[in-house]
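Student: Chain by chain, the residues run as shown.
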Amino acid sequence: MSLVRDHVIQPLNDWNIRGQGWLLLQQNALYGLSATRILVGVAMLGLLLTNFTSRHILWGTGSFWAEPYREVNAFGELVDVFGVESPALFTLMYMALMGLAVAVIIGWRTRATTLLLAIGMAALVERASPMGDQGDNIARIGLLLMVLMNTSAHWSLDADDVDAASSAPPPGSWARSRTCGTPCRCSPGGGPVSSTMCR
Amino acid sequence: MTRPETSGQADSPLAQTRRALRHLPGGARALTWPLVALVLIHTLIIGLWVAPSTPARDAVGQDRVREYIQPWFQQNWSIFAPNPRRVAVTFEVRAIVEDPDSGNKVHTDWVDLIDNEDGIVAGNPFPARTAKISRRTADRLHSAISDMNTEQRDWLKASYTDTPVDQLRERLADVDGGAGTSDINRYMTADAAATRIATGAAENIWGEDGEVLHVQYRTSTRPAPSWDDEERTVDDTTRTEREYGWRAATDLTEEEIASFAPYLDQGGDWR
Numbered sequence: 103m104s105l106v107r108d109h110v111i112q113p114l115n116d117w118n119i120r121g122q123g124w125l126l127l128q129q130n131a132l133y134g135l136s137a138t139r140i141l142v143g144v145a146m147l148g149l150l151l152t153n154f155t156s157r158h159i160l161w162g163t164g165s166f167w168a169e170p171y172r173e174v175n176a177f178g179e180l181v182d183v184f185g186v187e188s189p190a191l192f193t194l195m196y197m198a199l200m201g202l203a204v205a206v207i208i209g210w211r212t213r214a215t216t217l218l219l220a221i222g223m224a225a226l227v228e229r230a231s232p233m234g235d236q237g238d239n240i241a242r243i244g245l246l247l248m249v250l251m252n253t254s255a256h257w258s259l260d261a262d263d264v265d266a267a268s269s270a271p272p273p274g275s276w277a278r279s280r281t282c283g284t285p286c287r288c289s290p291g292g293g294p295v296s297s298t299m300c301r
Numbered sequence: 024m025t026r027p028e029t030s031g032q033a034d035s036p037l038a039q040t041r042r043a044l045r046h047l048p049g050g051a052r053a054l055t056w057p058l059v060a061l062v063l064i065h066t067l068i069i070g071l072w073v074a075p076s077t078p079a080r081d082a083v084g085q086d087r088v089r090e091y092i093q094p095w096f097q098q099n100w101s102i103f104a105p106n107p108r109r110v111a112v113t114f115e116v117r118a119i120v121e122d123p124d125s126g127n128k129v130h131t132d133w134v135d136l137i138d139n140e141d142g143i144v145a146g147n148p149f150p151a152r153t154a155k156i157s158r159r160t161a162d163r164l165h166s167a168i169s170d171m172n173t174e175q176r177d178w179l180k181a182s183y184t185d186t187p188v189d190q191l192r193e194r195l196a197d198v199d200g201g202a203g204t205s206d207i208n209r210y211m212t213a214d215a216a217a218t219r220i221a222t223g224a225a226e227n228i229w230g231e232d233g234e235v236l237h238v239q240y241r242t243s244t245r246p247a248p249s250w251d252d253e254e255r256t257v258d259d260t261t262r263t264e265r266e267y268g269w270r271a272a273t274d275l276t277e278e279e280i281a282s283f284a285p286y287l288d289q290g291g292d293w294r
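In order, the protein sequences belong to chains R and W.
The opening residue of the first sequence carries number 103 in the working numbering; numbering runs sequentially from there.
The opening residue of the second sequence carries number 24 in the working numbering; numbering runs sequentially from there.
Calculated directly from the structure, the hints in this document are not laboratory data.
Hints may be right or wrong, so weigh each one.
[What the hints assert, rightly or not] Calculated pairs, SDA-like style, for lysine to any residue (alpha carbon to alpha carbon, straight line, at most 25 Å):
no., chain 1, residue 1, chain 2, residue 2
1, W, K155, R, H109
2, W, K155, R, W117
3, W, K155, R, M251
4, W, K155, R, A137
5, W, K180, W, A215
6, W, K180, W, V110
7, W, K155, R, G178
8, W, K155, R, G121
9, W, K180, W, P150
10, W, K155, R, D263
11, W, K155, R, M197
12, W, K155, R, A266
13, W, K155, R, T155
14, W, K180, W, D135
15, W, K155, W, Q98
16, W, K155, R, I119
17, W, K155, R, L217
18, W, K155, R, S269
19, W, K155, R, Y196
20, W, K155, R, T193
21, W, K155, R, I240
22, W, K155, R, A225
23, W, K155, R, Y133
24, W, K180, R, E169
25, W, K155, W, L67
26, W, K155, R, V144
27, W, K155, R, D235
28, W, K155, W, R109
29, W, K155, R, L151
Construct the complete structure from the given sequences, taking the supplied hints into account.
Tutor: Okay, here's the thing in structure tokens:
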């Protein structure tokens, strides 16, 4: 019995602890994810800029030719979000989407703006889905997954805010540790859970 | 009873990890492996979707996989391996325009909108997506037609100027053999887009001459010669022409026509 415990159960249990520690006690790949955030944001902004002068033909009032494609689009009603009659309003919404791309690049309210950019880009480019490519797909999937990650730990306004706030941290504040954007070390046994737990 | 790792080896990394984990909410720890399992299942389904057909995918059911993937996780194996074009296409349009004074109906010449789109791409490292409007529509037409038999292709050449073009869908479906419903539906979608593109172009090019009554489009493909063939370019290979009947011009507002106009100028001096 002790043979099984020492050579099977114990190693398995150790792996369980190591795995949980890797997943729960630290954040991983924070530099890579921050670089990814900036690169994906730049790609989306670039796409919006290169098509800016063609926006009405592709997705606005001049895109009547794409209506048959829209009727069979798997995204359903999402493709109607940019289907506004006023060209001025359409341009305003287009520029708001560019603003979201900029917000992701500079890391402002990163999680929310990343999600909105993912939905907004899908709503726009799917208005003329045959003009799209696999780049649209990978960008959408990437942005969606980035919502579940901490992509603002570095080179972002969110990280700057946390740095500024942590110069005078309210002791044991959950809010502070929740928005912790910098790679904080969790020293075991070092203080109450709320101030050491990273997210 | 004292467990070994908390007594003798209090400072081992494993013991430290174990102690740190005790501070976490129990729920977070309990959810760890179920969440990892969820990620693995998601990855597995993506794998089933992008891989060629396998018994594993058949066991799960292609429809069930599609339901999960579409539309947000939609992707293709070519996501990291873009396929360079091997076929050049043309997408030509013409119209029947009625002179408002004499009532004469004039057939215009054909214009190839792909010439315009080539002009958008040439020398431009960041072309707008307008460079693909007619090209991709021609691609869609060709792909929808590829499985059609002779009888179905003959039906495509029929004109639908007064009768609704939707009747073409029934005609094509009534033919024995050939392309099935899914291909026919794809053709009808591409046909509607092609008719609208043709109308938008016709209104801007010939709209001043009178009322655009009917429009027609035609397409062609020609393969790029292989790399070894240094003598010939794509212009030297044989065109395969595809013909379609006349269609009623789409009803467009002044604003729609005007906002489509810049597309026809983007390719420079192509007309």
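Student: Is the Cα-Cα distance between K155(W) and Y133(R) 25 Å or less?
Tutor: 37 Å, violated
Student: Tell me if the straight-line CA distance from K155(W) to L67(W) falls inside 25 Å.
Tutor: At roughly 34 Å apart (the allowed maximum being 25 Å), L67(W) and K155(W) break the hint.
Student: Would the pair K155(W) and I240(R) pass a check requiring their Cα atoms to be no farther apart than 25 Å?
Tutor: Satisfied, since the Cα-Cα distance of roughly 20 Å is no more than 25 Å.
Student: Within 25 Å, alpha carbon to alpha carbon, are K155(W) and M197(R)?
Tutor: 23 Å, holds
Student: Going straight from one Cα to the other, do K155(W) and D263(R) come out at no more than 25 Å?
Tutor: Violated: K155(W) and D263(R) sit about 44 Å apart, past 25 Å.
Student: Checking one constraint from the list: CA of K155(W) to CA of Q98(W), max 25 Å. Satisfied?
Tutor: 20 Å, holds
Student: Given the proposed pairing of K155(W) with T155(R), does the C-alpha separation stay at or below 25 Å?
Tutor: Within the cut-off at roughly 15 Å; holds.
Student: Holds or violated: K155(W) and A266(R), Cα atoms, limit 25 Å.
Tutor: This hinted pair is violated, its Cα atoms lying about 48 Å apart.
Student: Compare the distance between the alpha carbons of K155(W) and L151(R) with 25 Å, and conclude whether the hinted pair is satisfied.
Tutor: 17 Å, holds
Student: Quickly compare the C-alpha distance for K155(W) and G178(R) to 25 Å and report which way the hint goes.
Tutor: Given pair K155(W), G178(R) holds - Cα atoms ~23 Å apart, limit 25 Å.
Student: Does T193(R) sit within 25 Å of K155(W), going by the straight-line distance between their CA atoms?
Tutor: 22 Å, holds
Student: Check whether the Cα positions of K155(W) and W117(R) lie no farther apart than 25 Å.
Tutor: 53 Å, violated
Checked against the numbered hints given earlier, this structure breaks hints 1, 2, 3, 4, 8, 9, 10, 12, 16, 17, 18, 23, 25; the rest are met.
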